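J.: Protein sequence lines correspond, in order, to chains A and B. Numbered according to numbering that gives the first Met the number 0, the first sequence spans residues 0 to 550. Numbered according to numbering that gives the first Met the number 0, the second sequence spans residues 0 to 142.
Hints listed in this document are in silico derivations from the structure and should not be mistaken for laboratory results. Don't take every hint at face value.
EDC-like, lysine to aspartate or glutamate: derived pairs with alpha carbons at most 20 angstroms apart [unchecked claim]: (1) Lys-224/A with Glu-18/B; (2) Lys-181/A with Glu-130/B; (3) Lys-224/A with Glu-79/B; (4) Lys-30/A with Glu-137/A; (5) Lys-147/A with Asp-162/A; (6) Lys-224/A with Asp-77/B; (7) Lys-224/A with Asp-260/A; (8) Lys-293/A with Glu-352/A; (9) Lys-100/A with Asp-113/A; (10) Lys-181/A with Glu-89/A; (11) Lys-271/A with Asp-195/A; (12) Lys-273/A with Asp-254/A.
In this text, all values refer to a predicted model and were calculated from it rather than measured experimentally.
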Amino acid sequence: MDVTVLRDPRPFALLSGVQPTSVACLHFDKKGRLTVFNSPAEAFFGISVTRNISVMDLMGAAETAGTLCIGDGQRIAALIAKHSSRFFFETRDGRYIMCNKFTGDEGLTADFIDVSEALAIGKSLQRDDLTGVSSRQELIRALTQRMKAETPDQAAVLYIDLDRFKMVNDTLGHPVGDNLLKLVTQRVAAEIDSRDMLARVGGDEFAVLQFAGAQPEAAARLAGKIVEMVSRTYLIGGQVIQIGCSIGISLVRPDTRSADDLIRNADIALLKAKTDGRGVVRHFTDAMHQELAKKRGLEIDLRRALALQEFALVYQPQFKIDGQKLTGFEALLRWHNEERGFVSPGEFIPLAEEMGLIGPLGEWVIRSACREAAAWSEPLTIAVNLSPLQFRSGNLVNVVVSALANASLEPNRLELEITEGALLENTDAVIQTLQQLKSIGVKISMDDFGTGYSSLGYLQRFPFDKIKIDQSFVRELATSSQSQAIVAAVIELGRGLGMVTIAEGVETTAQLEALASIGCNQVQGFLTGRPTPHEDVIALIKTAFPKGEPA
Amino acid sequence: MMTYRLIYYSANRLSGDAEMLVSQIDAILASSRRNNRVGNITGALMFSQGYFGQVLEGPQSAIEATFERIQRDRRHGDVELLDFSPTSSRHFDRWSMAFVGERTPAVADFARFASKTGFDDSALSGHRILEKLLERVAVPDAF
Numbered sequence: 000m001d002v003t004v005l006r007d008p009r010p011f012a013l014l015s016g017v018q019p020t021s022v023a024c025l026h027f028d029k030k031g032r033l034t035v036f037n038s039p040a041e042a043f044f045g046i047s048v049t050r051n052i053s054v055m056d057l058m059g060a061a062e063t064a065g066t067l068c069i070g071d072g073q074r075i076a077a078l079i080a081k082h083s084s085r086f087f088f089e090t091r092d093g094r095y096i097m098c099n100k101f102t103g104d105e106g107l108t109a110d111f112i113d114v115s116e117a118l119a120i121g122k123s124l125q126r127d128d129l130t131g132v133s134s135r136q137e138l139i140r141a142l143t144q145r146m147k148a149e150t151p152d153q154a155a156v157l158y159i160d161l162d163r164f165k166m167v168n169d170t171l172g173h174p175v176g177d178n179l180l181k182l183v184t185q186r187v188a189a190e191i192d193s194r195d196m197l198a199r200v201g202g203d204e205f206a207v208l209q210f211a212g213a214q215p216e217a218a219a220r221l222a223g224k225i226v227e228m229v230s231r232t233y234l235i236g237g238q239v240i241q242i243g244c245s246i247g248i249s250l251v252r253p254d255t256r257s258a259d260d261l262i263r264n265a266d267i268a269l270l271k272a273k274t275d276g277r278g279v280v281r282h283f284t285d286a287m288h289q290e291l292a293k294k295r296g297l298e299i300d301l302r303r304a305l306a307l308q309e310f311a312l313v314y315q316p317q318f319k320i321d322g323q324k325l326t327g328f329e330a331l332l333r334w335h336n337e338e339r340g341f342v343s344p345g346e347f348i349p350l351a352e353e354m355g356l357i358g359p360l361g362e363w364v365i366r367s368a369c370r371e372a373a374a375w376s377e378p379l380t381i382a383v384n385l386s387p388l389q390f391r392s393g394n395l396v397n398v399v400v401s402a403l404a405n406a407s408l409e410p411n412r413l414e415l416e417i418t419e420g421a422l423l424e425n426t427d428a429v430i431q432t433l434q435q436l437k438s439i440g441v442k443i444s445m446d447d448f449g450t451g452y453s454s455l456g457y458l459q460r461f462p463f464d465k466i467k468i469d470q471s472f473v474r475e476l477a478t479s480s481q482s483q484a485i486v487a488a489v490i491e492l493g494r495g496l497g498m499v500t501i502a503e504g505v506e507t508t509a510q511l512e513a514l515a516s517i518g519c520n521q522v523q524g525f526l527t528g529r530p531t532p533h534e535d536v537i538a539l540i541k542t543a544f545p546k547g548e549p550a
Numbered sequence: 000m001m002t003y004r005l006i007y008y009s010a011n012r013l014s015g016d017a018e019m020l021v022s023q024i025d026a027i028l029a030s031s032r033r034n035n036r037v038g039n040i041t042g043a044l045m046f047s048q049g050y051f052g053q054v055l056e057g058p059q060s061a062i063e064a065t066f067e068r069i070q071r072d073r074r075h076g077d078v079e080l081l082d083f084s085p086t087s088s089r090h091f092d093r094w095s096m097a098f099v100g101e102r103t104p105a106v107a108d109f110a111r112f113a114s115k116t117g118f119d120d121s122a123l124s125g126h127r128i129l130e131k132l133l134e135r136v137a138v139p140d141a142f
């Protein structure tokens, strides 16, 4: 093999003020065939170099060897062939390379110099270290500059968030995750126009600042392409990887005040895209902003509500059908805010879950319900709803034990209602918690049975004390034979498994009679009693149990 | 490094008349053969009006880089990866990229199951693509 050192690279390096770590020199004849090269060239391109190879093939080989990013080989070959005397590019492992070209009668010589270190300081502020694309700061700077123009022309910000990236990172490890981010970067970079800017703005978040094309069509078109390309399968380290992405878009409008506004709007649209599903693209609208502002306001009030004692419990009575005897109450959470009035639990409970407030709020409910029930004149049951998220904290058993002890309430009077949702994740751990609760004497009910997955497997895996038949079936009981059949089957199931059945949402005597005829044990609903404040509960119990008549 | 085999099929988005298709396919084959030679990759490409089917064999990293290049190509879409696994032997060791074209019976057969009317089990499809390609390329004058 001919290995010829073309010339000492040092004078040139001094000229450019850079201390080279390695210089690869290649000389091509007029036909574009490699004639001479130096020894660092092979290490530089990560391939075994042979004479007579064409520029294109050499760069293609460097691409296949993983030295150059896919697509860069062709680009570099074209730049060498053209009249540019100096250009820069980045290798796949993030080295920043300066190429100097000299054309002569004999052909052309190209020097490749690693200038990474010299550029590292200036680069780190503008560039994302891992992917080499612009940083968040650089994106904001470029956007601000563009918006300062007297007539800011059309531009769009596309905010991209990867779906399932965290799972890849967690299960396959950070090196695979890092490689994936690099490939995503390259795929997106290949889709954008040379006038556009790509930035990595967070762990698995990217942003494209789009200047090319007529809006809003151009942004929508680009977003569609990006979703498609990012969602295509990846192969990394022998693994097949599938991810996706969601995109939020905001456009520069006459009333856009700042780059921050534009980015915030794109982020809001992204949030909307993510809640609407995966692989979704959403354009920012003012309605989204209002919706979010409303939600933020509710969040602020909700955060304060516990301290301001704006929560209260109301109690809905539960009756045994046979003998129409009061057996207990279900505690229901109410929030009354001075300005908002009553806020529906359907509105604030999901928000509390999202904000991580459900832990303290749920604890407050358990403690308050136990304390108030302990004051009743009869040992009736008190049912309390649990959020699936309360099982994640790991201290649910402690909270329950402490609430019972503080209130001096017998454990068998407390019934905890869970939905199937609680059993969907970490099923074994949740069942273990339920078993601990059951072992101290607390009763466990399956709430909303029939509406979710209705997996009979759950009934088999844990001996629930009670099954609650959802009101949607009860409502249609008198009119639909299907609902009748379902309710009858659930009641039969409960009887077979030794579980008490209770129907909720009972509003008419026809429903009550139908339930009685098919053997349902208990009822609750507007027909037998609305949720009432605690003061009225005391009176209700006194009426139901005149002195001397035990429960 | 361990040798891997990769099989995929995809919906081709090439457009134009027969002559234009031929020249586009030629260009794809030329660049793929060039890249494959330096990457020590062998394989076969199958083309029909609607679909591409391709088998690649070679070192893991080269296969991954090549597939990444294929994935970024807009001339096809709906890429369905049927097989990506280590293999002890190469089936196409004599071809940097063998080609099986439109009018061969193998392709007609392939188009039938690729349209998912008959088979949709991916392992079976991958195996069948491989088999059909082997049938054709085993006869040197098949193309």
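J.: Does each hint fit the structure? Answer for all of them.
T.: Against the structure, the hints:
| no. | hint | verdict |
| --- | --- | --- |
| 1 | Lys-224/A with Glu-18/B | violated, 28 angstroms |
| 2 | Lys-181/A with Glu-130/B | violated, 35 angstroms |
| 3 | Lys-224/A with Glu-79/B | holds, 18 angstroms |
| 4 | Lys-30/A with Glu-137/A | violated, 42 angstroms |
| 5 | Lys-147/A with Asp-162/A | violated, 34 angstroms |
| 6 | Lys-224/A with Asp-77/B | holds, 13 angstroms |
| 7 | Lys-224/A with Asp-260/A | violated, 25 angstroms |
| 8 | Lys-293/A with Glu-352/A | holds, 17 angstroms |
| 9 | Lys-100/A with Asp-113/A | holds, 15 angstroms |
| 10 | Lys-181/A with Glu-89/A | holds, 12 angstroms |
| 11 | Lys-271/A with Asp-195/A | violated, 24 angstroms |
| 12 | Lys-273/A with Asp-254/A | violated, 26 angstroms |
In summary, the numbered hints that this structure violates are 1, 2, 4, 5, 7, 11, 12.
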